[in-house]
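Just need the whole structure built from these sequences, with the hints factored in.
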Amino acid sequence: MPFFRRQTKTVGVRPSEEDVRAAAAALNAGDNGPADLLCIGSGEYRQETAMRIFRYIDVEAP
Numbered sequence: 018m019p020f021f022r023r024q025t026k027t028v029g030v031r032p033s034e035e036d037v038r039a040a041a042a043a044l045n046a047g048d049n050g051p052a053d054l055l056c057i058g059s060g061e062y063r064q065e066t067a068m069r070i071f072r073y074i075d076v077e078a079p
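If you want the working numbering, it's the 1-based position in the sequence shown plus 17.
These aren't lab readings, by the way, just hints derived from the structure by calculation.
Where is the CB? At the ideal position from N, CA and C, for every residue including glycine.
Take the hints with a grain of salt, since some may be wrong.
Cβ pair distances, simulated, as ranges [as the list claims (entries may be wrong)]:
{"#": "1", "residue 1": "Gln64", "residue 2": "Arg38", "range": "17 to 23 angstroms"}
{"#": "2", "residue 1": "Asp75", "residue 2": "Thr25", "range": "34 to 40 angstroms"}
{"#": "3", "residue 1": "Lys26", "residue 2": "Gly50", "range": "18 to 24 angstroms"}
{"#": "4", "residue 1": "Lys26", "residue 2": "Asp75", "range": "35 to 41 angstroms"}
{"#": "5", "residue 1": "Lys26", "residue 2": "Asn49", "range": "16 to 22 angstroms"}
{"#": "6", "residue 1": "Val30", "residue 2": "Phe71", "range": "34 to 40 angstroms"}
{"#": "7", "residue 1": "Asp48", "residue 2": "Arg72", "range": "16 to 22 angstroms"}
Following this line, the structure appears as structure tokens:
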């Protein structure tokens, strides 16, 4: 009889690629609000979401 056989449900959603690209474009323009909101709304996927956003950040942007 397994006592510790609980399975946790993942809380959060993975944002679409369009949302990630839009947040990265806003970051490139100097606005970090959309990226923050997208990461907060991702729940347990926030680290993955942040890394997906970083993939599209332009390092040469002012």
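Original post:
For which of the previously enumerated hints does the structure constitute a violation, in increasing order of number?
Top reply: Going through the list in order, the structure violates hints 3, 5, 6 and respects the others.
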